[in-house]
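In order, the protein sequences belong to chains E and L. When the letters of the first sequence are read in order and numbered with our numbering, they come out as residues 1 to 622. When the letters of the second sequence are read in order and numbered with our numbering, they come out as residues 1 to 398.
Don't read these hints as lab results, they were simulated from the structure. Fair warning: there could be bad hints in the mix.
[Stated by the list, open to error] For the chain E half of the interface with chain L, some residues (derived, Cβ under 7 Å), not all of them:
#	residue
1	20
2	34
3	46
4	49
5	58
6	223
7	225
8	226
9	353
10	499
11	502
Every value quoted in this text rests on a predicted model; they were computed, and no experiment measured them. Using N, Cα and C, we set each Cβ at its ideal position, and we do this for glycine too.
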Amino acid sequence: MYLRSDDRRPQIRNGLALRIAVVGGLALALFAMLFFRLWDLQVLSGPKYLAEANNNRTREFRVIAPRGYILDRNGKVLVDNRTSLALQVNPQKLPSLPSRRQAELARLGALAHMSPRQVRRTMHEQLKVAAGAPVTLRRDVGYDLVYYLQENQDRFPGVQAQRVFVRHYPGGSLAAHVLGSVGEVSEEQLKEARYRNLQPGDQVGQGGVEHTYDRFLRGQPGLTRIQVNALGQPTPGGQLVSKPPVPGNSLKLSIDSSVQAAGEQALAARGLPGAFVTMDVSNGQILGLGSFPTFDPSEFTKPLTQAQVNSIYHNPLSPLTNRATEGLYPTGSTFKLITAMAALSSGVITPETTIVDGGSLTIGGQTFKNSGGASYGTLSLVPALQVSSDVFFYTLGLRMWNTGALQHWAHMLGIGRPTGIDLPEQAVGLLPSRQWRDRLYRRGETERPWSAGDNVQLATGQGDLQTNPLQMAIAYATVANGGTVVTPHVGMEVDDAAGRVLKEFEPPPRRHVHVDPTYRAAILKGLHEAAQTPGGTSYAVFGGFPVPVAGKTGTAQRPPNPDQSWYIVLAPYPNPRIVTAVTIEQGGFGVESAAPAALKILEAYFNKHTTGTAGPNGGSPG
Amino acid sequence: MYATRARQARPEPFVARPAIAERLGLAYMDWTLALSAVALAAFSVFTLDQATLHDVPGSPHYYVDRQVLYGAVGIVGMLLLTRVDYSRFRELRVGIYTFLCASIALIFVFGFAARGSRRAFELPFFSFQPSELGKLLLILALAGFVIDGARRGSDRQRTVRYLCLGLAPAALVFLQPDLGTSLVFGAATLAVMYFGGVRWTHFAVIGGALVALVTLVLVVAPAVGTPVLKGYQAQRLTSFLHPSQDPRNAGYQQHQALIAIGSGEKTGRGDRATQTRLDFVPERSTDFIFAVIGERYGFLGAAFVLSLYALLIWRALRIVTLSKNSYGTLVAGGIAVSLLFQVFVNVGMNLGIMPITGIPLPLMSYGGSSVLATFLAIGVLQSIHMQARLSQKGRFAW
Numbered sequence: 001m002y003l004r005s006d007d008r009r010p011q012i013r014n015g016l017a018l019r020i021a022v023v024g025g026l027a028l029a030l031f032a033m034l035f036f037r038l039w040d041l042q043v044l045s046g047p048k049y050l051a052e053a054n055n056n057r058t059r060e061f062r063v064i065a066p067r068g069y070i071l072d073r074n075g076k077v078l079v080d081n082r083t084s085l086a087l088q089v090n091p092q093k094l095p096s097l098p099s100r101r102q103a104e105l106a107r108l109g110a111l112a113h114m115s116p117r118q119v120r121r122t123m124h125e126q127l128k129v130a131a132g133a134p135v136t137l138r139r140d141v142g143y144d145l146v147y148y149l150q151e152n153q154d155r156f157p158g159v160q161a162q163r164v165f166v167r168h169y170p171g172g173s174l175a176a177h178v179l180g181s182v183g184e185v186s187e188e189q190l191k192e193a194r195y196r197n198l199q200p201g202d203q204v205g206q207g208g209v210e211h212t213y214d215r216f217l218r219g220q221p222g223l224t225r226i227q228v229n230a231l232g233q234p235t236p237g238g239q240l241v242s243k244p245p246v247p248g249n250s251l252k253l254s255i256d257s258s259v260q261a262a263g264e265q266a267l268a269a270r271g272l273p274g275a276f277v278t279m280d281v282s283n284g285q286i287l288g289l290g291s292f293p294t295f296d297p298s299e300f301t302k303p304l305t306q307a308q309v310n311s312i313y314h315n316p317l318s319p320l321t322n323r324a325t326e327g328l329y330p331t332g333s334t335f336k337l338i339t340a341m342a343a344l345s346s347g348v349i350t351p352e353t354t355i356v357d358g359g360s361l362t363i364g365g366q367t368f369k370n371s372g373g374a375s376y377g378t379l380s381l382v383p384a385l386q387v388s389s390d391v392f393f394y395t396l397g398l399r400m401w402n403t404g405a406l407q408h409w410a411h412m413l414g415i416g417r418p419t420g421i422d423l424p425e426q427a428v429g430l431l432p433s434r435q436w437r438d439r440l441y442r443r444g445e446t447e448r449p450w451s452a453g454d455n456v457q458l459a460t461g462q463g464d465l466q467t468n469p470l471q472m473a474i475a476y477a478t479v480a481n482g483g484t485v486v487t488p489h490v491g492m493e494v495d496d497a498a499g500r501v502l503k504e505f506e507p508p509p510r511r512h513v514h515v516d517p518t519y520r521a522a523i524l525k526g527l528h529e530a531a532q533t534p535g536g537t538s539y540a541v542f543g544g545f546p547v548p549v550a551g552k553t554g555t556a557q558r559p560p561n562p563d564q565s566w567y568i569v570l571a572p573y574p575n576p577r578i579v580t581a582v583t584i585e586q587g588g589f590g591v592e593s594a595a596p597a598a599l600k601i602l603e604a605y606f607n608k609h610t611t612g613t614a615g616p617n618g619g620s621p622g
Numbered sequence: 001m002y003a004t005r006a007r008q009a010r011p012e013p014f015v016a017r018p019a020i021a022e023r024l025g026l027a028y029m030d031w032t033l034a035l036s037a038v039a040l041a042a043f044s045v046f047t048l049d050q051a052t053l054h055d056v057p058g059s060p061h062y063y064v065d066r067q068v069l070y071g072a073v074g075i076v077g078m079l080l081l082t083r084v085d086y087s088r089f090r091e092l093r094v095g096i097y098t099f100l101c102a103s104i105a106l107i108f109v110f111g112f113a114a115r116g117s118r119r120a121f122e123l124p125f126f127s128f129q130p131s132e133l134g135k136l137l138l139i140l141a142l143a144g145f146v147i148d149g150a151r152r153g154s155d156r157q158r159t160v161r162y163l164c165l166g167l168a169p170a171a172l173v174f175l176q177p178d179l180g181t182s183l184v185f186g187a188a189t190l191a192v193m194y195f196g197g198v199r200w201t202h203f204a205v206i207g208g209a210l211v212a213l214v215t216l217v218l219v220v221a222p223a224v225g226t227p228v229l230k231g232y233q234a235q236r237l238t239s240f241l242h243p244s245q246d247p248r249n250a251g252y253q254q255h256q257a258l259i260a261i262g263s264g265e266k267t268g269r270g271d272r273a274t275q276t277r278l279d280f281v282p283e284r285s286t287d288f289i290f291a292v293i294g295e296r297y298g299f300l301g302a303a304f305v306l307s308l309y310a311l312l313i314w315r316a317l318r319i320v321t322l323s324k325n326s327y328g329t330l331v332a333g334g335i336a337v338s339l340l341f342q343v344f345v346n347v348g349m350n351l352g353i354m355p356i357t358g359i360p361l362p363l364m365s366y367g368g369s370s371v372l373a374t375f376l377a378i379g380v381l382q383s384i385h386m387q388a389r390l391s392q393k394g395r396f397a398w
């Protein structure tokens, strides 16, 4: 029944053998393919795929290191950190549906005061750099916002608050220009060698010592490498590497907070743009350095409001400019120390040489008068400095007009040259010289070549001279310390977290100049008498100060602006430890604005207050 | 009457053989075939044990326990079928064929939908997927039709008839939609026809038609705006040709499987395997279990598994040559080719040289229907082997 005759094997056997052989051959070929492919993948290309697998499963997260503290010379904290909350979005945990995702980001943006476009741009920029990592939408958000988000977590999946370190300034704007601020590293900076290992979004110093000593302050970010699954979620026990962050080291500055505060308060009290610097004459340590108007560095820890942007960047008084190191001013009579030094050293005069001050000096039809129309009669150097006789120094300028001695000495003392300070220093100033003016004249950029009048102007710190308080302080310090041109610096030492000193900064002097002790003594005596003997130019201010000092007023003419007030003082006399230079734009006579500010600084430094009153003869202004 | 044949054969001549094996009907089994199948199932359990420990929270042995149960039931089924004379199925061909088509059709009514595709009946302990068993049923029925119709009609008519008989259930499965299984149905149909003596020229025509069909479905139909395949199906089918083009979407699974297998290198990563442990490779207990083997046990393990399959298919093809009658030849040939097809397509998919079609790896992939159906198919092979041995010994039942 079911066994038909055709169902016997021999009948289809001929063809069947071939057909089975074909299938057998096919099976052999297919298995050979699989084996060779397997060999290719696992043995020949295995290492490549293994690397790909490992890359697949690991994610790296950087843990930001807190920046080091910045302390003043006595260990008082100028900058530390506070923890703040950063609003972060984890892109992995956002709703996958594009419309819901957009809706959540829009709600979140509204809470964080960001437009949907800003949110999108921020996310796009950060994800471009670190795909899959949490995106920081906004730093330093308030606790109320974070609490709100936590209470409504179901409406904001993927939103988290991350604790981050933010710079904190216990002294407010104290020493703002010295400290500088901290901000995200820019694209241009990332190309520089000093920022080699950084990533976009990292915080670096953007000015002041935060910038100069960034590599000590920055610390090393920690690294956590975790194993994730296909969804990018960390897997249990999958922490592969954990390198804790290394906090930055502390930077101790040579700044003395009390000196710094006194200087800033004095400038602020006057309310005019100005600057001051107080420096140790022996080693260049800056005890105080400030500029007015100033700024609050903590404003840079948050996104700036438009009002803040206007008041900082679009302010005609440019509060970010450090006038102590970047200002460009003529100095008025404070330059006379340099003129005296040049005249003495080049043999134009001796300390005893007398010159008759008849109230004016006429050169080539141009008459140069004493300030205020005074005339002091026959003077030698010391009384000429005491009363700040312009005619005396005009005469010195005239005698050196074509010798170059004044320019040589001014140059040697550091006028119009980089000082080497450890702060951003852009302007080096201008020391007018025959070569300079003649070159301009040849190019047709000025109407006349170098003349005696130019040197007469320079001898009293007027005319084309452009310098700043720091350069002048260095020149005074050089004379005061007997010829060492110090390198000014605010960074003193780097300490680790336990307070151990890791590194001390003692930059070597820039150069030495020969200062004859006799000349030094004569000049300091002149300045001392100017400050503290009746008839001296600043006796009205320093007459009652208990510490003997040597100080020089200056009144720089800056037409069409009102005169600029200067005062530079060395203390204590006769072996000064510090120099203080103060300048106040539009401050009038030196004794009116700058000298009282300098007095406040010295009072703070010596912790002594002026007793008694200045003598009746306030001395002539100069 | 056929069922008693083995028992009738039992008591009489071969006293030398162990009585117990004789009684169980195991004396004339192809032991190499049986052991290679059991070894594969055991390796599957071993792999699942290590690879799916954390897949179901709270029950680390979820997959293992079930796979062991399916394997045990399958082995019992294989042993039972060994003792059944397969020729009975030829008689039952119409019933088998009807049951096959009905069970697949009923899926559309009562089926349990998983991932957008209705493939299984949800039973109390088990979701039964008729199309898995259908592979074997189709071979048994179609082989019967081929033998039965060997003298009826012209060659061409016969070829068309067989094709229609085979492609009807394949079309039903395709509509579930289950592209992979319908392809297996197609391969089994062609295999039975092939061993049934359909002319080479007809195969050439069928081959040409297939090429035209594939071109039509993948190239022409989407171009004129009436796609036959669902988007993901077409993408899967073509993405293996350009796997790196979009590693996030269609080519992603395959790319991850490639990384998994490649990273296994020579000796495997063992518990340090990450690709298949951390969800980078999807469907690691089913379609991509070969990637798990490749990553965990390396070339050694993967080549061992492939060798077992080669052994299995060699033994199956050998049984084709041994069969005492043409029905056995056709059935064994159909089973051998469908196993070869499934193994090659699945492993090829894991190795990135075949498209993703959702065909499980016989005996390795987790799943009761597939394991059971494969063991039953091997049981049928054993039956053919045994009947052949018995007839060689002069023990004809009739």
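Quick rundown of the hints versus the structure:
1. 20: 6 Å, holds
2. 34: 5 Å, holds
3. 46: This interface hint holds because 4 Å falls under the 7 Å limit.
4. 49: Hint on residue 49 of chain E: holds, closest Cβ of chain L at ~3 Å, below 7 Å.
5. 58: 9 Å, violated
6. 223: Violated. Min distance 20 Å.
7. 225: With a closest approach of 13 Å, the residue 225 of chain E hint is violated.
8. 226: At 12 Å from the nearest chain L Cβ, residue 226 of chain E fails the 7 Å test, so the hint is violated.
9. 353: At 90 Å from the nearest chain L Cβ, residue 353 of chain E fails the 7 Å test, so the hint is violated.
10. 499: Since chain L brings no Cβ nearer than about 45 Å to residue 499 of chain E, farther than 7 Å, the hint is violated.
11. 502: With Cβ-Cβ at 42 Å, over 7 Å, it is violated.
Checked against the numbered hints listed earlier, the structure breaks hints 5, 6, 7, 8, 9, 10, 11; every other hint is satisfied.
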